[in-house]
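Note that the protein sequences, when read in sequence, are chains L, A, B, V and D. According to the numbering used here, the residues represented by the first sequence are 1 to 290, in order. According to the numbering used here, the residues represented by the second sequence are 1 to 233, in order. According to the numbering used here, the residues represented by the third sequence are 1 to 261, in order. According to the numbering used here, the residues represented by the fourth sequence are 1 to 320, in order. According to the numbering used here, the residues represented by the fifth sequence are 1 to 357, in order.
Heads up, a few of these hints could be off.
Within a straight-line C-alpha distance of at most 30 angstroms, the following computed DSSO-like cross-link-like pairs (lysine-lysine) qualify [unchecked claim]: (1) D/K350 <-> D/K133; (2) L/K80 <-> L/K237; (3) D/K188 <-> D/K354; (4) B/K196 <-> B/K169; (5) D/K276 <-> D/K26; (6) D/K276 <-> D/K354; (7) D/K3 <-> D/K276; (8) L/K115 <-> D/K280; (9) D/K26 <-> L/K115; (10) A/K180 <-> B/K212; (11) D/K133 <-> D/K354; (12) D/K3 <-> D/K42; (13) L/K115 <-> D/K276; (14) D/K350 <-> D/K138; (15) D/K280 <-> D/K354; (16) V/K110 <-> L/K80; (17) B/K212 <-> A/K177; (18) L/K115 <-> D/K3; (19) L/K115 <-> D/K350; (20) L/K285 <-> A/K124; (21) D/K188 <-> D/K133; (22) A/K180 <-> A/K124; (23) V/K110 <-> L/K285; (24) D/K350 <-> D/K280; (25) A/K180 <-> A/K108; (26) L/K237 <-> A/K124; (27) D/K276 <-> D/K350; (28) D/K26 <-> D/K280; (29) B/K196 <-> B/K212; (30) L/K237 <-> V/K110; (31) D/K132 <-> D/K354; (32) D/K350 <-> D/K188; (33) B/K212 <-> B/K27; (34) B/K169 <-> B/K27; (35) D/K3 <-> V/K237; (36) L/K115 <-> D/K354; (37) B/K169 <-> B/K212.
To be clear, the hints were calculated from the coordinates, so they are not data collected in a lab.
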Amino acid sequence: MPELLQFLLSGITVGAVYALVALGFTIIYNASDVVNFAQGEFVMLGGMITFFAHAAGLPLPLAALIAIIATAGIGVALNKLAIEPARGAPVVSLIIITIGASIFIRGATQLVFDKQIHRFPAFSGDQPILIGGATILPQSLWVIAGALAIFFCLWLFFTRTLIGRAVLATANNRIAAQLVGINTNYVMTLSFAMSAAIGALAGVLVTPITLTSYDVGLALALKGFAAAMLGGMGNPKGALVGGLLLGILEAMTAGYISSQYKDAAAFVVILAVLFAMPQGLFGRKSTDRV
Amino acid sequence: MLTVEGLRSRYGRIEVLHGIDLDVASGEIVTVVGANGAGKTTLLKCLSGIQPVSAGSIVFRGEALTTVPAHARVRRGLAQSPEGRQIFTNLTVEENLRLGAYLFSDDKVERDRDDAFAMFPILKEKRNLAAGGLSGGQQQMLAIARALMGRPSCLLLDEPSMGLAPILVAQIFDVVKSLKALGVTVLLVEQNAFGALSVADRGYVMETGRITMSGPAAELIADERIRAAYLGI
Amino acid sequence: MSLLQIEGLGIDFGGVRAVNDVGFSLKPGEIVSVIGPNGAGKTTLFNMISGVYAPARGRVALDGEDVTRMPPHQLARRGLSRTFQNLQIFQSMSVLENAVAGHHLHERGSVFADLFSLPAARRRSRASEESARALLDRVGLGRAAEQEAGSLSYGALKRLEIARALALKPRVLLLDEPAAGCNAVETEEIDHLIAKVAAEGVSILLVEHDMKMVMRISNHIVVLDHGEKIAEGEPASIARDPRVIEAYLGAQAAEAQNADG
Amino acid sequence: MIMRLSSKATTLLILAAVIAIAPVFFPSSYYFRVGSLIFVNGLAVTGLVILIGYAGQISLGHAGFAGIGAYACALAPVHLGLHPALAAVLGAALSAAIAFLVGRPILRLKGYYLAVASLGFGILVSMVLSNEAQLTGGPDGMAVPELGLRAVLKAIGIDLSNTEFWYAFSGLVLVIGAWLALNLYHSPTGRALRALHGSEVAARTVGVDVAHYKLVAFVLSAVYASVSGSLLALQNKFITPDVAGFMHSIEMVTMAVLGGAGSMLGAILGAAILTTLPQVLTVFQEYEQLMLGLVMMLVMIFMREGLLPSIARRIRGRAE
Amino acid sequence: DIKIGATLSETGPASFLGDPEAKTLKMLVEEINAAGGVNGEKIDLIVYDDGGDPNKARTFATRLVEDDEVVAVIGGTTTGTSMAIIPVFEDAEIPFISLAGAIEIIDPVRPFTFKTPHTDRMACAKIFEDMKKAGISKIGLISGSDGFGASMRKQCLEIIGEYGIEVLADETYGPTDADMTPQLTNIKGKDGVQAVLNPGFGQGPAIVTRNYAQLTVGLPLYQSHGVASDGFIELAGAEAAEGVRLPGTALLVAGLLPESDPQRAVVVAYKDAYEKATGKPVSTFGGYAHDALRILVDAITRAGSTEPSAIRDAIEGTSGLVGTTGTVTMTAEDHLGLDLSAFRMLQIEKGGWKIVE
Ligand SMILES: Nc1ncnc2c1ncn2[C@@H]1O[C@H](COP(=O)(O)OP(=O)(O)OP(=O)(O)O)[C@@H](O)[C@H]1O
Ligand SMILES: Nc1ncnc2c1ncn2[C@@H]1O[C@H](COP(=O)(O)OP(=O)(O)OP(=O)(O)O)[C@@H](O)[C@H]1O
Ligand SMILES: [Mg+2]
Ligand SMILES: [Mg+2]
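Chain L extracted, bound-state conformation:
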């Protein structure tokens, strides 16, 4: 069954990309209940800035580091300039702000950089690795490892650290959070910085595979969003599993059923899962008594 294996490897590769994006959503969502639709732009920025820094002669690791730091800075700016001033606005308004931000970032990127598609070299070459008749590129392993590592860090962050719980508390009840002494502005800033950095890191990891250009953000954000919802928004485990599942679903559909309708199949499965589990696979039900 080398085909099955190949489909699986392909699914895991793509799934890890989705998982990385989905993981980026979790922190801001956990801190504010807002799905940041500009998350895809963070991924795009990670790839684009790395490419241009690399093209300007910097070694790849340094270029990637600059990209991550710069993107984190942009995340903080987004919070300070757009989210914080709108504090207390209804969640839909905040979502529109993040959509506006994503259009803005896209517009700025095409001006500062360009509208071409770019790629930088894979970290460990392009020699495919053979596994039982199927192949996988070394870069895919990087992506998978990245997704696992970020998942693990986030999981630790939210379950083992006080500040992680403060993030959750901020989203759950901002006023109460202030009343116990949590600086909610700081929590928000931190969340945006971390989300943006994770997004940028994702961009750095996936660009050798997916390529990048100023407008890849939206599609990535959409898939990442779907993956996160499938797994249950806000839960790192959900993001990881949701991403991988979505990728494998797509690959299997493309391989066995119809490549035309692989996205459709993915969404049908998401609908089916949500029908049975309205909170996604691992989402927790909010417990509000009446």
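Knowing the structure of chain L, use the given hints to seat chains A, B, V and D with the ligands on it.
Then chains A, B, V and D with the ligands, alone, in the frame of chain L:
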């Protein structure tokens, strides 16, 4: 310890506090009574910093608080058990308590938590349950316990006895008294005016955003008007 | 003939028996109070009776009809109405509209009539608005009618919920701590209101921690502890029941109670 | 979000007056085109006001219904021999039926879960439209037959240019659509929708069949979107799957929220702004995207309830 | 001034077609105006960005005609936008030169509509000719599901029978997909497939090419003219792209053209000017815009008038105009005016292009 002068506050265009003057001495228990909508909750919200103040001053231990953000007031020793409980419904009881001591990370946190469990054993039973699943009264206990976890030097309590069984109402007032013994200052807003005035040193009466009467608790409790309007006697 | 009949009702949360084997009945115009320590299962019992939770065991009958696990809106149609311990207000609507919303069942027509604003639909709307104003007056919120509901104080919101529940013209009314957040004088007003409603033939099931109020207006009291019914009877006998005193009233409060009574 | 400022009559009057008077100031017939687009978008947004503003349910897939309405007008005349106007009605009926079927399961979901489910629905529709190329012409689209009403008008002596006709016609449809939606607002149905928006449990206990009313809102808004798609198709005489695309869904929601989903005029104003903005921003050339994003952010930051409600609040504030 | 309009997809999914098109037009107009304009009149170029949205394009088309009162329009980057705006120009009787590929734009012929790029059908024909020569009769198809890929797939399937070639596997991928190994695995697993054809543009073909190498499919891989730019080799990686064949225009191999080639002077001049002006490598798509403007300017010059109908007539009389895509000769029946010779079969070797004819 806490001095409020000419405090005004508004929701949108509607002013609901029209210049409140009030002071609380260190180690004192002071209570505010008043009818529904008098502005008691608003006053406490102004003090803890989650409600903007449009005029007047709040001075706490010699420092002007008016521009200090809410979270920083906690650091200065001012904690609140708010109206509507405002617990973290998605977090467990234990996490709620831990966050109450957000500013601390020493061994005493655990001791404080055990004290809280001793005070409200039911919370210990439910420690791993999402706080949103607690009954109304249990949530009220959690809100009080969480405020105590912050090791306040001045505690603002907004109707702490609300929704509690009679046996616990008595206990809450005992707790308030014992806090005084520990040197904690308490500003208590209560609908159970009788209970509140019984434990308080002094009291204020609030009517539609103004202080209309104040004095030693014993005097207030004996005042005919107060007996008629708030105690139902 | 009992209007509301509850038998062996029970539900579990994560293995904990929140309510177990609770049964009692309610006659027309009767006021029955459910009391018990915090977490005894009073609100959960209300939630099961009103269809918010599906009971795991037992049976609820309304006027002889088995209504166990029936969704709330169908129970409402059969004359069961309630208020909430954790306020459930239509925040972005005005106070008046909150009360009008309580008339939903009486003003309901077809969507088409509403879309085209047919005269019948308008007439129904107007009728329920008038009735809602009267109800607001009754609970003392007449002057706040045009205000945004979100801007009321806690005590006022409690009364708004009562008005909204009354708008259904219920046969059975479930009140979960209606006097919480009200001072003694305000509580007495609510007292009178409840008594008057009961006098009109509405059966009332009441959860309340204010013992003065409970003793004053209840015909019958059911005591829960840890989800089980531990006592039941006339107010006077309940106040003396040692198990109730120990679990719920506390010696101090019981003394005060007896001194008052 | 209380719609105090706009009693039904004033809202309709303002709307009708603006539609009737604006052409006096139009320097060229291009403005009629922009106007008619505003009305077409405004109609879809009016439907979303019912869904988002009244009932508090979000949908990121409503363009799917616009797609159904649009392609009904393209396909039904060719394959079923229907008159384009009837095709639009058929499209609306089909949209309602699909909304009814799809709505049942997905409206059980809340918040973002509903958003992603509706988004999935929209993507399914646009995917079918672009994959079934034999039928729909694929991503490159297909032609739509003439509505023919203009010719009828001409026969009775009213001679309008193409753009003028569509301006007047979609304006009329918008006014009717807004009238219906406004009727709904103060009606028992509208109240039930707003009640379940506030608290589903409480709505249930006052007798509101929450699932039913959510479905009502969903179906109604689907019909609005469908008619809007039909109008667009008939006006452009050419249609591509973009009309059902994700971006179009987002655009619709943005229009509603930007203007103020709680107020009908506000939402239509939002449609007007987002429709004209790209036209205005062309002077900024490469900076167009940047400006668009910036405007969206600024409006939502400084007018969090949406443009019109915030302005109204400010005016009322100053008056006192 | 002579007002010429354009509505292009400078942003959106087709932006890397529309972007060089817009840049080219702006650059050329500047050049022409600097050299004194056309018939002594300056050109006033008005460019709108429709973002690839046909509805927006339609509004801009109306604006160009009604508000800006242009005498001719270039644009419609994609087939969808072009088809959506054709009725506007036909109604207003303004000549319109589309930059999109589909044959529907000029077939049937509409009086005022022209186009410059080869049709997809021509690209298909060029590829199938090459396959036939190589003795390939069974292929696998993997096409992008965007407008470009879907349209070319359709055209190819329509004429493939004429070449006796059979499609054994017919796969697609979405425009933003990141991995096409499942589809390629299926093609690879089909017995008898001798070559693979990939109609598509954007990043898709680059990823297909990379996955193709990863899976060591080992069969000849044909790409379409949609990827005809140096950027493609860079994206796919020289190693993975080695041996890929595609029909390209003279522009792509400007430096490799023999001195005798009639197009050489034109393409070298454009390439140098463009790369100097923008700092970006030239692409086939910019060439489409280049040709459109040249045709228009040539027609206005010959017409000696800026009357739209006169311009239209003159465009139809274009004869032997050398552009980047080929030599254009229009007639009343042919509003494209290119033949197959305009395409050159190219192969990628060692990271560069080679003409294989
Ligand atoms: N969010 C709000 N928006 C507008 N007005 C408000 C808001 N909250 C409270 N008010 C108004 O402010 C006044 C004071 O309310 P507050 O909640 O402080 O009263 P209270 O004394 O705590 O009453 P209660 O005993 O019922 O809790 C009331 O008239 C109330 O209607
Ligand atoms: N959704 C839920 N999830 C978990 N536990 C629950 C849930 N609902 C109720 N419980 C548990 O059931 C028990 C009964 O709760 P309930 O709210 O009925 O108490 P109550 O008698 O109304 O108390 P109070 O007087 O404090 O309002 C509590 O211990 C509570 O923790
Ligand atoms: Mg209060
Ligand atoms: Mg309770």
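Hints versus structure:
Proposed proximity of D/K350 and D/K133 is supported: the alpha carbons are some 23 angstroms apart, at most 30 angstroms. Restraint check for L/K80 and L/K237: satisfied, since their Cα atoms lie roughly 29 angstroms apart, inside the 30 angstroms limit. Pair hint D/K188 plus D/K354 holds up; C-alpha atoms about 27 angstroms apart against a cutoff of 30 angstroms. Of the supplied pair hints, the one linking B/K196 and B/K169 holds, its CA atoms being roughly 14 angstroms apart against a limit of 30 angstroms.
Using a Cα cut-off of 30 angstroms, the hinted pair D/K276 and D/K26 holds, with the two alpha carbons roughly 14 angstroms apart. For the given pair, D/K276 sits about 24 angstroms from D/K354 by alpha-carbon distance, which is consistent with the 30 angstroms threshold. For the suggested pair D/K3 and D/K276, the alpha carbons sit about 26 angstroms apart, so the restraint of at most 30 angstroms is met. The suggested pairing of L/K115 with D/K280 holds, with an alpha-carbon distance near 10 angstroms, which does not exceed 30 angstroms.
For the given pair, D/K26 sits about 17 angstroms from L/K115 by alpha-carbon distance, which is consistent with the 30 angstroms threshold. About 29 angstroms separates the Cα atoms of A/K180 and B/K212, which keeps this hinted pair within 30 angstroms; it holds. Taking the CA atoms of D/K133 and D/K354, the gap is near 18 angstroms; set against the 30 angstroms cutoff, the hint holds. The straight-line distance between the Cα atoms of D/K3 and D/K42 is roughly 9 angstroms, inside the 30 angstroms bound, and the hint therefore holds.
Annotation: proposed proximity of L/K115 to D/K276 holds, straight-line Cα distance about 17 angstroms (limit 30 angstroms). Distance check on the hinted pair: D/K350 and D/K138 sit about 27 angstroms apart at the alpha-carbon level, within 30 angstroms; holds. Pair hint D/K280 plus D/K354 holds up; C-alpha atoms about 21 angstroms apart against a cutoff of 30 angstroms. Note on V/K110 and L/K80: the hinted pairing holds, with a Cα-Cα distance of about 29 angstroms set against a maximum of 30 angstroms.
Between the alpha carbons of B/K212 and A/K177 the distance comes to roughly 24 angstroms, so the proposed pair stays at or under 30 angstroms and holds. At most 30 angstroms may separate the alpha-carbon atoms for a hinted pair to count; L/K115 and D/K3 meet this at roughly 28 angstroms. The straight-line distance between the Cα atoms of L/K115 and D/K350 is roughly 26 angstroms, inside the 30 angstroms bound, and the hint therefore holds. For the given pair, L/K285 sits about 22 angstroms from A/K124 by alpha-carbon distance, which is consistent with the 30 angstroms threshold.
Between D/K188 and D/K133 the alpha-carbon distance is near 22 angstroms, which keeps this suggested pair within the 30 angstroms criterion. Using a Cα cut-off of 30 angstroms, the hinted pair A/K180 and A/K124 holds, with the two alpha carbons roughly 25 angstroms apart. This hinted pair checks out: V/K110 and L/K285 have alpha carbons roughly 11 angstroms apart, not beyond 30 angstroms. At most 30 angstroms may separate the alpha-carbon atoms for a hinted pair to count; D/K350 and D/K280 meet this at roughly 21 angstroms.
With a C-alpha separation of about 20 angstroms, the suggested pairing of A/K180 with A/K108 holds against the 30 angstroms cut-off. Straight-line distance between C-alpha atoms of L/K237 and A/K124 comes to about 28 angstroms, which keeps the hinted pair within the 30 angstroms bound. At roughly 25 angstroms between alpha-carbon atoms, D/K276 and D/K350 fall within 30 angstroms of each other, so this suggested pair holds. Annotation: proposed proximity of D/K26 to D/K280 holds, straight-line Cα distance about 15 angstroms (limit 30 angstroms).
At roughly 18 angstroms between alpha-carbon atoms, B/K196 and B/K212 fall within 30 angstroms of each other, so this suggested pair holds. Of the pairs offered as hints, the one joining L/K237 and V/K110 holds, with about 21 angstroms between alpha carbons and a cut-off of 30 angstroms not exceeded. For the hint pairing D/K132 with D/K354, the CA-to-CA distance comes to about 20 angstroms; that is within 30 angstroms, so the pair holds. Taken as a hint, the D/K350 and D/K188 pair is honoured in the structure, with Cα atoms around 25 angstroms apart against an allowance of 30 angstroms.
Proposed proximity of B/K212 and B/K27 is supported: the alpha carbons are some 23 angstroms apart, at most 30 angstroms. Proposed proximity of B/K169 and B/K27 is supported: the alpha carbons are some 17 angstroms apart, at most 30 angstroms. The straight-line distance between the Cα atoms of D/K3 and V/K237 is roughly 27 angstroms, inside the 30 angstroms bound, and the hint therefore holds. Between the alpha carbons of L/K115 and D/K354 the distance comes to roughly 27 angstroms, so the proposed pair stays at or under 30 angstroms and holds.
Distance check on the hinted pair: B/K169 and B/K212 sit about 27 angstroms apart at the alpha-carbon level, within 30 angstroms; holds.
Figure legend: structure checked against the earlier numbered hints; every hint is met.
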